[in-house]
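Engineer: Listed here are the chains, written in short residue letters.
There are 2 protein chains.
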Amino acid sequence: MSLVVVGTIAFDAIETPFGKTDRIIGGSAMYVAWSASNFYQPIKQVSIIGGDFPKEEIDKLSARGVRSEGVEVVPDGKSFFWSGRYHMDMNTRDTLTTDLNVLAQFKPTLPESYQDCEFLMLGNLVPAVQISVIQQLKKRPRLIVLDTMNFWMDTALDDLKKVIGMVDVLLVNDAEARQLSGEYSLPKAALKIQAMGPKYLIIKKGEHGALLFQGKHVFFAPALPLDEVFDPTGAGDTFAGGFMGHLAHTQDISFENMKTAIIVGSAMASFCVEKFGPTRLQSLSKREIDERIEEFVELVSFDIDLIG
Amino acid sequence: MSLVVVGTIAFDAIETPFGKTDRIIGGSAMYVAWSASNFYQPIKQVSIIGGDFPKEEIDKLSARGVRSEGVEVVPDGKSFFWSGRYHMDMNTRDTLTTDLNVLAQFKPTLPESYQDCEFLMLGNLVPAVQISVIQQLKKRPRLIVLDTMNFWMDTALDDLKKVIGMVDVLLVNDAEARQLSGEYSLPKAALKIQAMGPKYLIIKKGEHGALLFQGKHVFFAPALPLDEVFDPTGAGDTFAGGFMGHLAHTQDISFENMKTAIIVGSAMASFCVEKFGPTRLQSLSKREIDERIEEFVELVSFDIDLIG
Chain A
173 MSLVVVGTIA
183 FDAIETPFGK
193 TDRIIGGSAM
203 YVAWSASNFY
213 QPIKQVSIIG
223 GDFPKEEIDK
233 LSARGVRSEG
243 VEVVPDGKSF
253 FWSGRYHMDM
263 NTRDTLTTDL
273 NVLAQFKPTL
283 PESYQDCEFL
293 MLGNLVPAVQ
303 ISVIQQLKKR
313 PRLIVLDTMN
323 FWMDTALDDL
333 KKVIGMVDVL
343 LVNDAEARQL
353 SGEYSLPKAA
363 LKIQAMGPKY
373 LIIKKGEHGA
383 LLFQGKHVFF
393 APALPLDEVF
403 DPTGAGDTFA
413 GGFMGHLAHT
423 QDISFENMKT
433 AIIVGSAMAS
443 FCVEKFGPTR
453 LQSLSKREID
463 ERIEEFVELV
473 SFDIDLIG
Chain B
173 MSLVVVGTIA
183 FDAIETPFGK
193 TDRIIGGSAM
203 YVAWSASNFY
213 QPIKQVSIIG
223 GDFPKEEIDK
233 LSARGVRSEG
243 VEVVPDGKSF
253 FWSGRYHMDM
263 NTRDTLTTDL
273 NVLAQFKPTL
283 PESYQDCEFL
293 MLGNLVPAVQ
303 ISVIQQLKKR
313 PRLIVLDTMN
323 FWMDTALDDL
333 KKVIGMVDVL
343 LVNDAEARQL
353 SGEYSLPKAA
363 LKIQAMGPKY
373 LIIKKGEHGA
383 LLFQGKHVFF
393 APALPLDEVF
403 DPTGAGDTFA
413 GGFMGHLAHT
423 QDISFENMKT
433 AIIVGSAMAS
443 FCVEKFGPTR
453 LQSLSKREID
463 ERIEEFVELV
473 SFDIDLIG
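Here the protein sequences come in this chain order: A and B. For the first sequence, the working numbering assigns the number 173 to the initial residue and increments by one for each residue that follows. For the second sequence, the working numbering assigns the number 173 to the initial residue and increments by one for each residue that follows.
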């Protein structure tokens, strides 16, 4: 069995109030794989890259149980490139460049070896590609998680609604949940979105944490207040990777365990933002992860017996 | 011993996307008293009103153990009046009218019967008045909590810093913590503000919950995701009232118990916003409060043993 992740493998160039990078490694399939591989293997990537993408970056992941048979290489093509500039609050950013390059021709064909997919993570991509991957799997995965963004609500709403109807868990931020549902109240938005198909909805709120909804049930996970958010790029994908990695590792997709998985995802995301790109994720020990998760436990624990 | 609350007793007129009121009862000393009196009595108010303020509103509180010897009545004066309009997000509002009226001459003289003050809640007011009340107490209260706002940072910073240096707990929102400290990162802002005097800092983030800082310790309390926020007026004061009421009731001012007190305050605030003015706070049963607190426990509880 395996965890399959569909997403981008890319170059990013990032400016934040704290610094600036040249072209560095990025893309949702990279962040998900670096994060999830701390908890579960094998992870199987579905993506597309150009001949310009460094082979050693694929090799590094391979050493961690991440397979790349599903990563198409276009030798004379260029990899997807994104550059952006973050504002002081780190919640808003301006896109400076989006060069789709080989991503414009991304029509993945799943390798036969990916048919053992038990957990499917669909990173933020054009909904038609997300649909195609689900349709190519002969056996429906045990859990399908979908990440998307407002751009697809504006430009491909019909396809987006179709793929939303095919998945178990939807990941969006609060503004996107409001846009998709037409409801300002998040609990009302959650009910409407669940009526579109997904049994679970995760609303990411950046520095304000995350909410998990299932029916009338709701769980609130905090974000760790950080001294410094150095680069928020990839934090959402890293969160998704920790979430999926924990579920696959424990083989438990109950609401109760999803709560724990969200804490794991939040802990991983809190590492991601400490450095540019996936750098910080590449040097994490089990002990560091456990200690960070323990900080989350401390952060929200209180003694209810004291209430008389 | 008693819980003394210094603040406004006022008329408000409120517009929200969900409705509009004529003149209704408001003011920080009202919200704090209605909230705290669920947990502790006696509560002693320090405020000023005009001859236009309905006596039955004072009587209603009196029946709940709230004393008003410290509420000065100016028979031919008019009570403080504020009107405002909330935007869709309920986190921002425009002030339409601020008629200080009798509040302009507010120079409280503490009644002798208030010298048993054990817990002192200084509601948002001109810092000179807050200082004067502390100075009139012959014995320092066990705990002094201060609420303030950006307006005083802009117009009375020296006095504000002086009173901040005299208290144990400061309550501000995230933007105010950043303004006061000059630090964007909230953990860094918290350390700087604690260096100004208060051992504890509570940062209120509205729908995103609240943070409690003490030294390097931090606690994150969620806000309940609500179907409808009808009127946020007084939510911060209601939070403060629940916080103080719980501490006074339990007679325990440890960091551990402050965490619980923040949950109690958050639960009370979640009731406050359900109706215009303090209406909802006036009809609460112990059972409703306990159930709401239980919802907060559910909201953040997860099983850490599941992490393998």
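Please note that a few of the clues may not be correct.
Only pairs whose alpha carbons sit at most 30 Å apart, straight line, appear in this in silico BS3-like list of lysine-lysine [to be verified]: (1) A:Lys-377 x B:Lys-360; (2) A:Lys-377 x B:Lys-388; (3) B:Lys-377 x A:Lys-447; (4) A:Lys-431 x B:Lys-377; (5) B:Lys-192 x A:Lys-364; (6) B:Lys-310 x A:Lys-377; (7) A:Lys-431 x A:Lys-458.
Calculated directly from the structure, the hints in this document are not laboratory data.
Engineer: Take the hints in turn and mark each one as holding or not.
Structural biologist: Going through the hints against the structure:
| no. | hint | in the structure |
| --- | --- | --- |
| 1 | A:Lys-377 x B:Lys-360 | holds (21 Å) |
| 2 | A:Lys-377 x B:Lys-388 | holds (24 Å) |
| 3 | B:Lys-377 x A:Lys-447 | holds (26 Å) |
| 4 | A:Lys-431 x B:Lys-377 | holds (23 Å) |
| 5 | B:Lys-192 x A:Lys-364 | holds (28 Å) |
| 6 | B:Lys-310 x A:Lys-377 | violated (47 Å) |
| 7 | A:Lys-431 x A:Lys-458 | holds (20 Å) |
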